[in-house]
Amino acid sequence: MDRRVIRSLTRIVGRQNVLTKPADLLLYSYDSSTTEGRPDAVVFPESTEGVARIVKLCAEGRISFVPRGAGTNLSGGSVPLQGGVVIVLSRMNRVLEIDAENLRAVVQPGVVNLDLQNVLAPHGLQFCPDPASQKVSTVGGNVAENAGGPHCLKYGVTVNHVTGLTVVMPSGEVRSFGGKALDPPGYDLVGVLIGSEGTLGIVAEMVLRLSPLPDDAQTVLAIFDTLEAAGESVSRIIAEGMMPAALEIMDRQTIEAVEASFPSGLPLDVEAVLLIELDGLRESLDRQAARCAEICRELKAREVSVGRTPEEREKLWSARRSAFGATARISPAMLVNDATVPRTKIPEVLREIQEIERRHGLRIAKIFHAGDGNLHSNILFERGNRDDFRRAEEATAEIFRACAEAGGTITGEHGVGAEKVQFMSLLYSPEDIEAQRKLKAVFDPRGLANPDKVLPEATRAGAQ
Amino acid sequence: MSALADKLHSLEDIIGPASLITDTEAVASYRVEGQQPLAVALPQSPAQVAGLLRQASQDGLSVLIRGAGHHLHLGAPPTPIGLVVAMDRVRQTVEYDAENLTITAQAGASLEELQRLAGERGQMLPLDPPGGDRATLGGIAATNLAGPIRMRYGSPRDLIIGLRVALADGALIKAGGKTVKNVAGYELGKLFVGSFGTLGAICEVTVRLTPKPERRAMLVLAMNSAEVKEVTGELLRSRLEVASLGIANPAAVERMRLSLPVTIAPDVRVVFIGLMGDGAAMARQEEEIAALSGGACARLNEAQGRDAWQALREAPYPDDANAVVVRAALPISHVAEAVELVTQFEGWWSVARAGDGLVYAGPPPDTTVRTTLERLTELRKFAGQRSGAVVLEAAPLEMKRSFSVWGQVQNLDLFRALKDAYDPTGNIGCGRYLSRPQ
Ligand SMILES: Cc1cc2nc3c(=O)[nH]c(=O)nc-3n(C[C@H](O)[C@H](O)[C@H](O)COP(=O)(O)OP(=O)(O)OC[C@H]3O[C@@H](n4cnc5c(N)ncnc54)[C@H](O)[C@@H]3O)c2cc1C
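First to last, the sequence lines map onto chains X and A. Using my numbering, read the first sequence as starting at 1 and increasing by one per residue. Using my numbering, read the second sequence as starting at 465 and increasing by one per residue.
These are computed hints drawn from the structure, not numbers from a lab. Note that the structure is a prediction, hence the values are computed from the model and not measured. The beta carbon of each residue, even a glycine, is placed where N, CA and C say it ideally should be. Careful, some of the hints might be misleading.
What the hints assert, rightly or not - Here chain X is said to cover these stretches of chain A; the calculated rule only asks that three of the stretch's residues, wherever they fall, bring their Cβ under 8 angstroms from a Cβ of chain X:
# : segment
1 : 737-744
2 : 787-799
Claimed, not checked - List of simulated lysine-lysine pairs, DSS-like, C-alpha gap at most 30 angstroms:
# : chain 1 : residue 1 : chain 2 : residue 2
3 : A       : Lys864    : A       : Lys845
4 : A       : Lys676    : X       : Lys154
5 : X       : Lys300    : X       : Lys315
6 : X       : Lys438    : A       : Lys638
For reference, chain A alone in the conformation it holds in the complex (with noise of 0.2 angstroms):
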């Protein structure tokens, strides 16, 4: 037998050779990037994925851990990928405690069947992140992915209050637990969440749940571009409890395929004002809203406002294998300025979360990679020089091999130091993120 036989043996004897995928075309469609992996293991609980892992250590196969695979355009182009460990199977809900607001699942349970049961109790997960609710809850976990509601909830790291995590050397390690005040040890759970499963596989996450709002509604203000910046900063700023706040420029409300009430000129930025909660505080937003944006204000009737929030959410999300969606992450009075900078790009549409200083961006599909280079090249220095940061989300591979995905990395040093303390061999996350240059 092969060497590498010998290996797949090994992890057969852990998860059964019928969860084992090693015929060649059956894994090809776990390839990432163009990597092919050698084999795909479906693990069925969080002690396989932890065997697995301490197996695939020994055996120097390196490893990618993967939860729908709807996020898979994250990360750095793959080093060669050995074993894929899929979550898909490792999915119960361990425990919906509605009267405790906690929802504790494992990695591989689809945002959407969590929310169906949360939604049965009037509760929901704080989780938006683009892609749709397919993504995992472990793979949210693992990429830290938030949408439009983060401003008014957080991100995952600030709602995931537990995990459990199997570690390069087989290891299954809890951090935190099921209480929202816990400094009982360190806070590892934070060091877990957003690792791009570097450090570890993710196996159980609890979440913490919020009661369903009452009611939604969104707004939007269109507006000149001049005046963006002072509107959104009053509104950040105000008493007034917006849940969201996004800004778009025209390309991207044409890219969300969203008809506003509202007349989109070449300069006109739309300012989207998404509110939650009961209706007394709602009737009171709009009329200060209104009044702020000097009558400037359209609400949008219920199937359109829905439209807008989904739209809003799934702009970051890239159309197709060759999009190209890159983010940047400001201080929040940075935002108005870098929807400019990118619609002055010829084409680009440009979408801001202003409450969160993201601005997320993309060409129009025909661009050159070398236009798409310079522009993106422009950005970085814009944000660099504004104590900002950007990362290329999504892109065809030859522009990923030709602009850094991540970017100038501070501490990375640290952060190297500290992969070698949890995964000593650098086994698992194909270098994907944070990694050494090969």
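For reference, chain X alone in the conformation it holds in the complex (with noise of 0.2 angstroms):
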């Protein structure tokens, strides 16, 4: 990268906010996905305007960027496909209002979900979205992703709980959309900017709606012997009319995994863990939390226990909530997809995901936000072993295809980042991927903001 770039940006941030050493740049070259790609620079903005004046620099040398907050996202959506600048939003870490009164947070990007969650919990609030990895991401990266997590089912995701954005437009220029009011008149822009991946602008400053924390919580956890008999009971629960705020489903493999890393006292030769956590009124929820055991007994599970008091529902969540990491402990090589079927397809799909992991001998631990249909396939592989790798590829493929089929989609909340672009066309017509590549035009016309990346490019789409 030009010398007079990397001086410009020094002048903007700070020298000890400019990294360009290569042992540093390597460092960011690397999201929690598979894809790799090195950035020219990277730099630490600690301002809106910091990252205004990063972007309008990058603008006028034609320099493409991309923003990153902690790099958790598991789609490749903050590693650089063309080099340029990477900024990291994770010093703009302020909580910058906690307006009770209005229901609303106004927060920087860098701040880390949960540790907003611990600013708000005196104030008896909270930011709804909770995603798995809350102790580590950040808010505006969960913004960017349009992030879900286990409580999505009741209580939506990201773009329900987000009313505001400051954002630094690809050409430097900052805009707010929305604020603490609902609906402004004018396009829903924050809707559309949400979920973005970094791909039409810098968020830079975010209105967030805050909810009360729930009135009590009770969970139960059930143990299958069948994937199918959890599934059914998913379906059977939801029939009833009751919500739940998570219904989770762990699978053998992902249970080992646990066990050998985390033991939790699951035993090794089941083939389910269902989860199912009640939150609201204290007074519905022993019925509620009573009628879901007795939907599991019924489906012959062959232990059922309910949690009523934190500790209790924090044993129960243990196993849960170790799952990703004591699976990557197992097999620290994962391809890790996130394919999302409506509910009552998932045992359908799960045949052919078990089919798939059995034509390509692979072992897929499988962990679904079962309420919303949401799979997450943790395909196995040994790193660096390339028929491995690929046969894992191409087991994603068939995953791909199947929830499509069975009309899903083929990420729920991971986003398409740089590895799931060429799969955009399972869902999309080339039509559609037009009128989606409009609304890119209208951002970001010179193509500078996070490239590559959500849609295919013009001729790989197909268009006619």
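Two chains, two frames, some hints: make the complex.
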């Protein structure tokens, strides 16, 4: 990269906030996916104005830039594919305002989700999106990915909890959209920008909608001898008109991984664990929890436990919380996908995934946000084993195809990033994609904001 | 043949002559704010809608998209209308997937028929826009209209997970899908929901359903205006699960024709607390609310309760073509204050949706145009100073000409760039939303 550009960057954010040494750049060539790509420079702005000046510099020099939060995304979204500048938002980590009266918080993008929750809790409030990565991932990253989490069955995803954004546009101009009030006249660009993965601009400030913490919660854990029975329990619970806050399933591979790393006392000869979280007014919970437990027993659950106190509940949740880490521990190399199907298609798609697993001789550890049909198939492979990796990739493609055919989508919460671009055509026609490209062109006519992400190239989309 | 006849002929080729209305008298019932369309098309499928839009764009025939016509009072005065594309016949239920709590229907399906369908399985579309269930699903999507239960369930923007949209160039595109969680590509649906038919014609909509609540109850508190802010604030921040929270001044109670078991002195505001849920939880909530309000709380009986839910939903709907209805959207802590401001206006009614920061208001029928305009200006200034916005939802045409319907719109240049991208010839929407000054 041109020395002059580096000098300008240094002038904007200070020498200590620019990285250019190869060893440093290497650290920002990854995220939590398998994609790699080296930036030319990494900068750490500390203010919206700093971000704007960096982006303006990029715009003037036709240099591409990639925003980055904590780098926990699982789709290659924060990896630069064309070099350029990685703009890390982690130093913009201030909670600017907690406006309890208006049920809003104004925060910078680098605030870590859990840190925010901890600041809100004393006010009796929460920001509903709670991705399993919340200890590390930033609220800016959550917004950029439209993150979900275990509790979005009942509470919705990030887009349902953000009312305003300040955005540095790809030209370097700063704009604000929405605010503390709802329904500002105009198209809903807050809604459009959420989930745009840094390809339409950089989110520099957010107005978040806060909600009171639930009155109370209860957790039910049921152990099953078949995955189908766990899935069927989920369907019955919903069919009876209950709306649990979370419905999570882990399969045997995941349970084994958990017990090998962070033993929680789950039996090893079972096929599925179903975790049900009910929250809301205390008075309705006993009855609902009892009914959920009954449904699980009717479907031949081997064991059902109900947690009522925070300690009991935490114990039941512990296996689920450590599941991803535990799986990564037994197989540091894994391909993660989060294809999503209408909930009732889970059993059918599961059978296909198991078949894919067999056909490719792979191990796939499955964790689902079953309530909303979001399947996390963690495909384990041996690092450095090319053949293994190729089979894992093939399996991924087959899972996507199966889910798309079942009326689902290739990603429920992790984003398209770099890794799923090639699968967009499973869901969208060239015309659909063209309509999305129009949006990108309005925001980023020069194509400098996180290039090669989300949308396939015009030719690759097979447009005519 | 005249140029117009040629154009109409091309339209007939798409939908058949019987589906194109050109007779002046018949077309007259499709007038919008004094503008008489040249023709009205009644397509029967999304493909026909797309065909019409493409042809009309090619021929420079401006298009206004219409659902059931119950919310056509919304919007700036239209520019000349070439063709009304009426969606009434594009109305199939594509898929009711009760087990997955979704319903997909074409734009012209009425909320009424969809509610009936979902109701048979103990479910509902959590949509309750003013204007009743006659509204079409497409119209609700295009206007993003919601009602009292928005506080609990969200607005159409939150509840719509998939769309099929016909664009001006005739492309029929899909946005989103059938799953609640879906982050594949941009959320184009957000762009079209609430775009008032200016970016394309919404042809098909997928909505999240919800189980019908076991019970509904409505509590009313009659309280001194000074206490309203504190009590509603406490309710909003509490762990109770209030499903809707309304505030009405005495003029509004009268306009809603509600008979309530509370005495309504002029300085009294009525707070309506809507609850949904099961019996056990309901009883406890009632107790806590009674305690919080110092015992001034009355529970409406079933009939009264039903009337109140309904009246609160319908409050913002204009009584007739001359009615003035204005909506202020504010940070929620300013709602009570806005109700007070409006109540000071001579005889104005005001109904607020406290949980969503929305305050609806209108003058009594005999108010002069001049006074109304002054009040509207005052309210807009009030909202502007509190990072809110005021939209004139309904008003006679002359008033709309003197008071901007949408007010100052931030990012207008960007909205127009988007409009240019999706409708390059500016052919659809007839200037009702975010348009360039004529
Ligand atoms: C163990 C684990 C569990 C996870 N669980 C969940 C889960 O339950 N639900 C879920 O949805 N996801 C989950 N994820 C994925 C990931 O944590 C989320 O996508 C998260 O929102 C990313 O935040 P981040 O700060 O790490 O962003 P990054 O990974 O740094 O960036 C994500 C994307 O956003 C862009 N970006 C970042 N900041 C900004 C900004 N300020 N403005 C514009 N664009 C920006 C980046 O360019 C990139 O495209 C999980 C990941 C891991 C590793």
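Here is what the structure says about each hint:
1. With 3 residues having a Cβ less than 8 angstroms from any Cβ of chain X, the segment 737-744 of chain A passes the three-residue criterion, so the hint holds.
2. Only residues whose beta carbon comes within less than 8 angstroms of a beta carbon in chain X count, and the segment 787-799 of chain A has 5; three or more means the coverage holds.
3. At roughly 17 angstroms between alpha-carbon atoms, A:Lys864 and A:Lys845 fall within 30 angstroms of each other, so this suggested pair holds.
4. Between A:Lys676 and X:Lys154 the CA atoms are separated by roughly 15 angstroms; this keeps the pair inside 30 angstroms, and the hint holds.
5. Taken as a hint, the X:Lys300 and X:Lys315 pair is honoured in the structure, with Cα atoms around 23 angstroms apart against an allowance of 30 angstroms.
6. At roughly 14 angstroms between alpha-carbon atoms, X:Lys438 and A:Lys638 fall within 30 angstroms of each other, so this suggested pair holds.
When the structure is compared with the earlier hints, no violation turns up for any of them.
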